[in-house]
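K.L.:
The residues making up each chain are set out below.
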Amino acid sequence: MFESKAGVVLIAGLFMFALAFVVMGLLPWLIYIDQPEQSMADLVADGVTPEFFDLAERFPEQFKQSFPDGPTREAFASALKRGRDIFIAEGCWHCHSEQVRPVSNEDLRFGPVSHAREYHNVLQRPVLFGTRRVGPDLFREAARHSNDWHVAHFYQPTLVAPTSVMPSYQWFYDEHDYPNRDGMSIITYVQWLGSWLPEYPYFQGEGPMGPTDRQKNAVALVHGEREGS
Amino acid sequence: MALASASPATGASVETPAHRDLVNEKLVLWHFLFSLTYLIIAMLAGLLFSLQLLQKYPFAGMEFWSPGRWRMIHTNGVAYGFIANAFLGALHWAVPRLTLRKVASNALSWFILVAWQVVVLGTVVGLLMGKAQAVEWGETPIFIDPLAIAGLILVAINFLVPILKSEGPMYVSLWYFISAFVWTILVYAMGNYLPQFFVGGAASGALIGLFIHDLVGLFVTPIGWGLMYYFVPIILKKPIWSHGLSLVGFWGLAFFYPLNGIHHFLYSPIPMFLQYGAIISTIAVELVVTTVIINFFATIRHRGDALRTSLPIRWFYIGMVFYFTTCLQCAMQVTLTFQKIIHFTDWVVGHAHLVMFGVFGFWIMGFMTHLFPRLLGATGWYRPSWNSWHFWLMGLGMIVMFFDLVFAGLVQGFMWRDLASWESTTLASGPFWLVRTLAGLGMVTGMMFFLANIAMTAVHKQTIAPTDEPAVGAPSLATA
Numbered sequence: 001m002f003e004s005k006a007g008v009v010l011i012a013g014l015f016m017f018a019l020a021f022v023v024m025g026l027l028p029w030l031i032y033i034d035q036p037e038q039s040m041a042d043l044v045a046d047g048v049t050p051e052f053f054d055l056a057e058r059f060p061e062q063f064k065q066s067f068p069d070g071p072t073r074e075a076f077a078s079a080l081k082r083g084r085d086i087f088i089a090e091g092c093w094h095c096h097s098e099q100v101r102p103v104s105n106e107d108l109r110f111g112p113v114s115h116a117r118e119y120h121n122v123l124q125r126p127v128l129f130g131t132r133r134v135g136p137d138l139f140r141e142a143a144r145h146s147n148d149w150h151v152a153h154f155y156q157p158t159l160v161a162p163t164s165v166m167p168s169y170q171w172f173y174d175e176h177d178y179p180n181r182d183g184m185s186i187i188t189y190v191q192w193l194g195s196w197l198p199e200y201p202y203f204q205g206e207g208p209m210g211p212t213d214r215q216k217n218a219v220a221l222v223h224g225e226r227e228g229s
Numbered sequence: 001m002a003l004a005s006a007s008p009a010t011g012a013s014v015e016t017p018a019h020r021d022l023v024n025e026k027l028v029l030w031h032f033l034f035s036l037t038y039l040i041i042a043m044l045a046g047l048l049f050s051l052q053l054l055q056k057y058p059f060a061g062m063e064f065w066s067p068g069r070w071r072m073i074h075t076n077g078v079a080y081g082f083i084a085n086a087f088l089g090a091l092h093w094a095v096p097r098l099t100l101r102k103v104a105s106n107a108l109s110w111f112i113l114v115a116w117q118v119v120v121l122g123t124v125v126g127l128l129m130g131k132a133q134a135v136e137w138g139e140t141p142i143f144i145d146p147l148a149i150a151g152l153i154l155v156a157i158n159f160l161v162p163i164l165k166s167e168g169p170m171y172v173s174l175w176y177f178i179s180a181f182v183w184t185i186l187v188y189a190m191g192n193y194l195p196q197f198f199v200g201g202a203a204s205g206a207l208i209g210l211f212i213h214d215l216v217g218l219f220v221t222p223i224g225w226g227l228m229y230y231f232v233p234i235i236l237k238k239p240i241w242s243h244g245l246s247l248v249g250f251w252g253l254a255f256f257y258p259l260n261g262i263h264h265f266l267y268s269p270i271p272m273f274l275q276y277g278a279i280i281s282t283i284a285v286e287l288v289v290t291t292v293i294i295n296f297f298a299t300i301r302h303r304g305d306a307l308r309t310s311l312p313i314r315w316f317y318i319g320m321v322f323y324f325t326t327c328l329q330c331a332m333q334v335t336l337t338f339q340k341i342i343h344f345t346d347w348v349v350g351h352a353h354l355v356m357f358g359v360f361g362f363w364i365m366g367f368m369t370h371l372f373p374r375l376l377g378a379t380g381w382y383r384p385s386w387n388s389w390h391f392w393l394m395g396l397g398m399i400v401m402f403f404d405l406v407f408a409g410l411v412q413g414f415m416w417r418d419l420a421s422w423e424s425t426t427l428a429s430g431p432f433w434l435v436r437t438l439a440g441l442g443m444v445t446g447m448m449f450f451l452a453n454i455a456m457t458a459v460h461k462q463t464i465a466p467t468d469e470p471a472v473g474a475p476s477l478a479t480a
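Quick mapping for you: the protein sequence lines, in order, are chains B and Z. Numbering (the working numbering) for the first sequence: 1 to 229. Numbering (the working numbering) for the second sequence: 1 to 480.
Within a straight-line C-alpha distance of at most 25 Å, the following computed DSS-like cross-link-like pairs (lysine-lysine) qualify:
id: 1; chain 1: B; residue 1: 5; chain 2: Z; residue 2: 165
id: 2; chain 1: Z; residue 1: 237; chain 2: Z; residue 2: 102
id: 3; chain 1: B; residue 1: 81; chain 2: B; residue 2: 64
id: 4; chain 1: Z; residue 1: 102; chain 2: B; residue 2: 5
id: 5; chain 1: Z; residue 1: 131; chain 2: B; residue 2: 81
id: 6; chain 1: Z; residue 1: 102; chain 2: Z; residue 2: 165
Every beta carbon over 10 Å from chain B, so not counted as near; a handful from chain Z, in silico:
id: 7; residue: 113
id: 8; residue: 154
id: 9; residue: 283
id: 10; residue: 307
id: 11; residue: 356
id: 12; residue: 447
id: 13; residue: 462
Simulated from the structure, these hints should not be mistaken for lab results. Idealized CB from N, CA, C, for every residue including glycine.
Could you build all of it, start to finish, from the sequences and the hints given here?
P.N.:
Next comes the structure, spelled out in structure tokens:
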């Protein structure tokens, strides 16, 4: 059997592959199968991030063109989705992880360690753990910098971070150098990462912030005890 | 009849068919030419991206020159353009000669040649248009995936028909090829469909890890090993040291290699007991790889002169040294102790370059150096010295790049752990990134020597005198 061609096809080719698939793929799949995956509606159920409102106030005309209905939940959801797609298309995920490990002082640098539950939503299909950090981790990026900072940074990173090796993304801007729909979407997405945390915003300016109502809602969201649902 | 000694598949009573009736050399040549075209594009894309890390990107702010997109062309171009084409070409040479049967259909071979270039070009265009899929090494846009899977199935049919028809015990290369054809289809379908369309979250991370690893372990590795087990004895004109060991390697690879997937995401939210399993299995793989390394060095023992006289053997040899290095490195870096520091750093980038290019890329250079003059209808190379330049520039470039990136990774990892500001870690990486660009420039220059030599050999094939190199393709079936 082992010496025959059928043996090579069946045992090595199919059985060994299936065994590894069960152990390395199916098992983690089954372990998490009971955890519901959050839909876009779930993700925006608690409302819109302050940063999305801020974009609407700061760039009213451009915002109107990109999101005619104003900063609604639907517009927020479409911005998040578009931002995630840009994050993938431009290869941002090759240089920025979305995963804080429990080692190497990463919790001190970036914020709370990632939990499996944070990845069970439609924007993590496929999951964006990342494998390389040319730039810092972004999973706790929400509100760490202002929208102004991001607008300058995506246009030309060295304007605000002189040592940065990040590319400039000038096609995220219209002819007057205001962020277009893509620009606002990627900023909204990056400013959303970690906004679901009880500690949000983990950093602002110099130090951690105290909890707000929105953060208390986020606690409930993350721990699956959302009120009124 | 020297082939019979290297190929137990030969039925004793069968009259050996002529080489020209078995191998479609034009097809091999076309696959090799496409392979090298994509390689040079991929290398230039890598060089271009490395300029971004030096803040010297020449096309800053232009959408279709977005460095992130060109980085994906670099990796996908190497995997699906360079390595896949080179393997298809070499398989079209090795499989018919090992089985003494033609591939299933010559027309199908030509169709696959064209279809596969459509797959690769479609991938390049798709990536430039911003249609990437967030699966590392599988960024191929989702509209390319069905075509690629159909192509892989056709490849499997084309080669499995002669293999299954062949009689007698199989030579180990065919074991590797058979399983690789089955595995590659399954791996590609799994990695490109399951994580996005069927499962999300941490579990999709496990599947992506499995895909990244299986693409190297179940596509590149078995075909690479199979081709080495074919070409090394042919060029050295002596059988491999141990057939038994080669089969231990086969079953070891089949069992342990795919069990490694999750080791790409250690300390992630994937359950820890599965991470432990992947680590142990990874260390076992290093023992499996050692079978190939031992078999190679035991085969070449007492034939060290071949390193001087045969450039292909020299490519294989340095590739094997790199293989030992990279696997030893892997057995260490997979431990949680190392992972704390080196994960997310350039250490891993150095490792990936060494295994994909330093090992399998260099072996492919060996196959090509061996076969190209024959495929072009020449008796030797136009300038054998240019091949030496090719070898030394690529070899030194690879060594410099590897050590440079490994040390860069250590510096980055320890600075991160010690909570140095992000700006200072970027500044500290700068000199390493400069050296990496220079090493890459050396390798691109080396490739230019090779490409120029191929072109000149094709142009001047009538006037090239036979060289000291062993007759290409010997022991030849052409006269049989």
